[in-house]
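In the order they appear, the protein sequences are chains C and F.
For the record, in the first sequence the residue sitting at position 84 is 76 according to the working numbering, with numbers rising by one throughout.
If you count the second sequence from 1, you need to add 206 to reach the working numbering.
Do not rely on the hints blindly, as some may be mistaken.
[Unchecked claim] Reference listing, derived: stretches of chain C covered by chain F, where coverage requires no fewer than 3 residues with Cβ under 8 Å from a Cβ of chain F:
| id | stretch |
| --- | --- |
| 1 | 24 to 35 |
| 2 | 92 to 99 |
[Unchecked claim] List of simulated lysine to any residue pairs, SDA-like, C-alpha gap at most 20 Å:
| id | chain 1 | residue 1 | chain 2 | residue 2 |
| --- | --- | --- | --- | --- |
| 3 | C | Lys23 | F | Gln287 |
| 4 | F | Lys313 | C | Val72 |
| 5 | F | Lys313 | F | Leu267 |
| 6 | F | Lys299 | C | Val72 |
| 7 | C | Lys23 | F | Ser272 |
| 8 | F | Lys299 | C | Ile19 |
If you're looking for bench data, these hints aren't it; they were derived computationally from the structure.
For every residue, glycine included, the Cβ atom is placed at its ideal position computed from N, Cα and C.
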Amino acid sequence: MTAEIIGAYATALCLFIGAGFALVGVIGLLKFNDPMTRLHAPTKVGTVGIGMLLLASIVHSVLLGETSIHESLIMAFLFVTAPISANFIAKVSIHRKACETPPSPPLDDTWSTLIAPETDQATDGGTQR
Amino acid sequence: MARAFHWLIPHPLLTLILAVVWTLLQNEVSAGMVVFGIILGIVIPWATSIWWPDTPKGFRLGKMISYSVLVIWDILVANVQVAWIVLTVPNAKLKPAWIVVPLELRKPEAITVLAGTITLTPGTVSADLSDQGHSLLVHVLHTDDPDAARDEIKTRYERRLKEIFS
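With the sequences and hints as input, model every part of the structure.
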């Protein structure tokens, strides 16, 4: 009986923390006003937010006696794919010059995103802002 | 024997991961599903072998596991910090910055792991790599001292990754 109560509270606590972090991610997405800073809030806070929700799911399934741990796969795939989507968004904002232009690298010529045909860069700089 | 093993399982770690993922997807451990997972773990690397140019040499699994634990702890701590920044720092006082991290790592796998780590750790996003791959462009959400942030990435993550992919 006590184990059930502790499990129920643990599930509720995990859900609460996860939902809280997801809320902070949404607030950040709405509050910041620059594409690059805006990128920080959802991609980051999302990892722990979703992680806690999945942990709640695991704890609840253990509590019901039908242990299921394939939620950990969602976590693993999320950790592998989240940096890639964040990197793509960052590259797009650098390419479209939607953010402050980054300082040039000390050793090499330029950043790889900025290597683009001149025609491409001209249209991007002129029409997209 | 060793050659036959290498011919059958060119990427042992990939085979293991595929078998574990398959078993996890079934959400129950039964002998049949484990065997099927191992069959998949042998067939998939063989079918996709032309896209695996060469196996990275000198990968230290033990240090990678301790590194993963460190990164997960950092993600938890930094999530709270970023949540605090999002909720308390007004837009006008926010100090985002670009920082350039000069790379000592040369292996593509190592740089990929470093960039992924930087992105997963809240407050920093790795945005771009220079054309020859000697430096990494990182965007920091809020920092008073960009140089300190750069040094922390170098000492905390890059030094450990150099040991893992040595």
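Cross-check of the supplied hints:
1. 24 to 35: Three-residue rule met by the stretch 24 to 35 of chain C, so holds; n is 9.
2. 92 to 99: holds (count 6)
3. C:Lys23 / F:Gln287: holds (17 Å)
4. F:Lys313 / C:Val72: holds (18 Å)
5. F:Lys313 / F:Leu267: Roughly 16 Å separates the two Cα atoms, so the pair holds.
6. F:Lys299 / C:Val72: Violated, because 33 Å separates the two Cα atoms, which is more than 20 Å.
7. C:Lys23 / F:Ser272: violated (36 Å)
8. F:Lys299 / C:Ile19: holds (17 Å)
Checked against the numbered hints above, the structure violates hints 6, 7; every other hint is satisfied.
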